[in-house]
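Enquirer: So you can see what is in the structure, the chains are spelled out below.
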Amino acid sequence: MSDSQSPEGAAKPLLELRDLATWFHTDEGTAKAVDGVSYKIYPGETLGLVGESGSGKSVSALSVMRLVPSPPGFVERGDILFRGESLLPISDEDFRRIRGNEVAMIFQEPMTALNPVYTVGNQISEAVMLHRGLSKKAAREHAIEMLRRVGIPSPETRVDTYPHEMSGGMRQRVMIAIAMSCDPALLIADEPTTALDVTIQAQILDLIRELQEDSGMSVLLITHDLAVVAEAAHHVAVMYAGKVVEYASVEELFEKPRHPYTIGLFQSLPDLAKQGERLTAIPGMVPSATNFPSGCRFRTRCSIATDLCAGTEPPLVSLEPGGAHTVACHHLEEASKL
Amino acid sequence: MSDSQRSAPLLEVRGLKKHFPVRKGLLSRVVGQVKAVDGLDFTLERGQTLSLVGESGCGKTTAGRTMLRLLEPTAGQVLYRADPTSEALDLFNLPKKEMRALRPDLQIIFQDPYASLNPRITVGNAIAEPLLVHKIATGSEVEDRVAALLKRVGLRPDVANRFPHEFSGGQRQRVGIARALALSPKLIVCDEAVSALDVSIQAQVINLLKDLQDELGISYLFIAHDLSVVKYISDALAVMYLGRIVESGSADQIFNDPQHPYTRALLSAIPHADPKKRKKRIPLTGEIPSPIHPPSGCHFHTRCSLVEDRCRRDWPETVALGGGHQAACHLVQGASVTGA
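So the protein sequences, as listed, match chains X and R.
So that you can map any letter, position 329 of the first sequence is 328 in numbering that gives the first Met the number 0, and since no number is skipped, the others follow by simple counting.
So that you can map any letter, position 230 of the second sequence is 229 in numbering that gives the first Met the number 0, and since no number is skipped, the others follow by simple counting.
Pulled out of the complex, with its shape left as it was, chain X reads as follows (with noise of 0.2 Å):
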């Protein structure tokens, strides 16, 4: 990554989150899954988005898609930008434009992603059918190209397969390449190795880097995998129950976490114990987001936790000018002694 591309140099965000919530109104309360979330992506970085289950990482990407289900789901407040300009205004059928041609996305479970009646190559082709207005003897020529560029053996004769017949990792390089089909500036894979094994997770993170490369396209990497991140982000933002406590860039975040949420998660990795060493484990579990904690949310978890994050809800500060390291606790000093 050049160093344009960093939050210091003078390019613009791709797609900047702006203080968004988006809420669910269940029969069992409002669910405030994701909160006041601010974030940026630069063009042609990966920003990895990490949190545990119910952090509200998948819901802020799904409120980028316009891919919340509503109701119950609502965008309540805040604002999405892409290329400076925002997202929220824009009518269903003009997001359409945007969708899939723009803004990609690939999800953890490929076979529930694709559809099952369909071959592989009708599924590739309705993309660049639609956006690009492609014959349909042109989309197949383009479908059988990008399954030869995700690394697919013998894409003249897979192009005619259904996904059954796929393992989980071709399935997923399926999805890479309807994803890629329309050249996004824009990829958002939600959890694209969880489901695969470390083999096959190895080689997809590979061929996500090689097309990124390829076409300076950004990257929002979701993943509940710090190692994942490790190996393909450069910025990464830490979430926890609906909001961002920690950004920083991959070195910087690995090398000196802050918030104590994120040391925590540091201190539960089997990867970076000793052997026979106890892990150290943060206690309890993640709130529901019906009924998150007053002031800081990670507080009932927090061994550090005072009256004052019981009663004020801690900014996003950056540590130093520039924001290149942002952080959400009172007590930042008691923490780095964690």
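Hints were generated in silico from the structure; no laboratory data involved.
Among these hints, one or two may not hold up.
Said to hold, decoys possible - Listed next, with one range per pair, are the computed distances between beta-carbon atoms:
(1) R:Gly285 - X:Asp182: 45 to 51 Å
(2) X:Thr25 - R:His292: 56 to 62 Å
(3) R:Pro282 - X:Glu140: 44 to 50 Å
(4) R:Val30 - X:Thr29: 19 to 25 Å
(5) R:Ser194 - X:Gly322: 32 to 38 Å
(6) R:Leu69 - X:Pro152: 32 to 38 Å
(7) X:Asn290 - R:Val29: 40 to 46 Å
(8) X:Thr29 - R:His292: 43 to 49 Å
(9) R:Lys150 - X:Asp18: 42 to 48 Å
(10) R:Leu26 - X:Phe94: 53 to 59 Å
(11) R:Asp104 - X:Met110: 20 to 26 Å
(12) X:Thr29 - R:Gly323: 30 to 36 Å
(13) X:His163 - R:Asp104: 38 to 44 Å
(14) R:Asp256 - X:Tyr161: 42 to 48 Å
Claimed, not checked - Listed next, the in silico PhoX-like pairs over lysine-lysine satisfying Cα-Cα at most 25 Å (straight line):
(15) R:Lys96 - R:Lys150
(16) R:Lys96 - X:Lys255
(17) X:Lys255 - R:Lys275
(18) R:Lys34 - R:Lys96
(19) R:Lys34 - R:Lys23
(20) R:Lys275 - X:Lys336
Claimed, not checked - Covered stretches of chain R, going by a simulated chain X footprint (3 or more residues, C-beta under 8 Å):
(21) 220-230
(22) 313-320
We put the CB at the ideal spot given by N, CA and C, even for glycine.
Got chain X sorted already, so can you dock chain R onto it with the hints?
Expert: Same frame as chain X, but now just chain R:
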């Protein structure tokens, strides 16, 4: 561990095979065999953790289930000694009734406890069930045992009246562990037991499993694909590829001195939680071949970067590399292992 214990492991698996017939057509004729598990040998020491690792489809889950006779084995022996001094019993040769009597010793927990717990039975009753079936406790004693078990796995005893859907994934896995613990087992097969959990919850469950092992001397057969968890929890490892063990040894030997090209490639594929360690991977092209038509010779030769002619022809013998470290590769030099 004393020498006498070392000489009498809890479990010795010899030549374990499980083949599934492939049927086709109107008459369901058998047209082939899936050799899901094709001749495994491994030993599980008392109070230790042995991990079976490999990609999906390598047969690790089938191996765990066949070993417990949850699937009928095709061939092999599983020699079980309840105590270091007791005589070895071959689980595969026991009459059903005697096998049933041994079941309490041999438990299993699964990846998704939601799928293995009955949604219409309270967790208290689910944990009590094995106690009643095996007539270990009766009457009010049952309730006390259930309360103690829930406490032991870090849940409040009053959750006994709740149903599985009222719990989070981590809590359900604790219920699964409590249920397995109810019969004071000697061995728990943990089949991807922490794979579905978030990292902070996963750490809690791993700590719980370790505490139980230290306290109760339980052995674990840990079946997993996440090698960083395996590295942390295992004493010994066996790496499987298409139904066979390609390398086995202590956790230290496998992680710090891997010999088989497959083990090396597998280890190099693990992402590290350190952006400075983004390293060159050993490319492992393609995917695990179908076990219905496994490649000739060494099953791994189609994906191996060091492949030679003999690899395509002959299955490599397992050789001993010293200190219990074994590998099955033509390119690895070592002493011949007899009877393995």
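Enquirer: For every hint, state whether the structure bears it out.
Expert: A quick look at each hint next to the structure:
Between R:Gly285 and X:Asp182 the Cβ separation comes to about 27 Å, which falls outside the hinted range of 45 to 51 Å. One distance hint, 56 to 62 Å for the beta-carbon pair X:Thr25 and R:His292, is violated here, with the actual separation near 50 Å. A hinted range of 44 to 50 Å for the beta carbons of R:Pro282 and X:Glu140 is inconsistent with their spacing of about 29 Å. The given range of 19 to 25 Å is broken by R:Val30 and X:Thr29, whose C-beta atoms sit roughly 57 Å from each other.
A hinted range of 32 to 38 Å holds for the C-beta pair R:Ser194 and X:Gly322, which are about 37 Å apart. The hint said 32 to 38 Å for the Cβ distance between R:Leu69 and X:Pro152, and at roughly 37 Å that hint holds. For X:Asn290 paired with R:Val29, a C-beta distance near 57 Å fails the hint of 40 to 46 Å. At roughly 55 Å, the beta-carbon separation of X:Thr29 and R:His292 lies outside the given 43 to 49 Å, and the hint is violated.
Separation of R:Lys150 from X:Asp18 is about 44 Å and conforms to the stated range, judged on CB atoms against 42 to 48 Å. At roughly 55 Å, the beta carbons of R:Leu26 and X:Phe94 sit within the given window of 53 to 59 Å. Under the hint 20 to 26 Å, the C-beta atoms of R:Asp104 and X:Met110, about 38 Å apart, miss the expected range. Between X:Thr29 and R:Gly323 the C-beta distance comes to about 58 Å, which lies outside the given range of 30 to 36 Å.
With their beta carbons about 41 Å apart, X:His163 and R:Asp104 fall inside the hinted range of 38 to 44 Å. Taking 42 to 48 Å as the suggested C-beta distance range, the pair R:Asp256 and X:Tyr161 conforms, at roughly 44 Å. For the given pair, R:Lys96 sits about 33 Å from R:Lys150 by alpha-carbon distance, which is inconsistent with the 25 Å threshold. This hinted pair does not check out: R:Lys96 and X:Lys255 have alpha carbons roughly 59 Å apart, beyond 25 Å.
Distance check on the hinted pair: X:Lys255 and R:Lys275 sit about 13 Å apart at the alpha-carbon level, within 25 Å; holds. Proximity of R:Lys34 to R:Lys96 is assessed by CA-CA distance (about 29 Å); at most 25 Å being required, the pair is judged violated. A threshold of 25 Å between alpha carbons decides the hint, and for R:Lys34 with R:Lys23 the separation of about 17 Å falls inside it, so the pair holds. Between R:Lys275 and X:Lys336, the direct Cα distance comes to roughly 23 Å. Compliance with the 25 Å bound is thereby established for this hinted pair.
Given a C-beta distance limit of less than 8 Å, the hint that chain X covers the stretch 220-230 of chain R holds, as 6 residues qualify and 3 suffice. Coverage of a stretch by a chain is defined here by at least three residues with a beta carbon nearer than 8 Å to that chain's beta carbons; for the stretch 313-320 of chain R and chain X the count is 0, and the condition is violated.
Checked against the numbered hints above, the structure breaks hints 1, 2, 3, 4, 7, 8, 11, 12, 15, 16, 18 and 22 and satisfies the rest.
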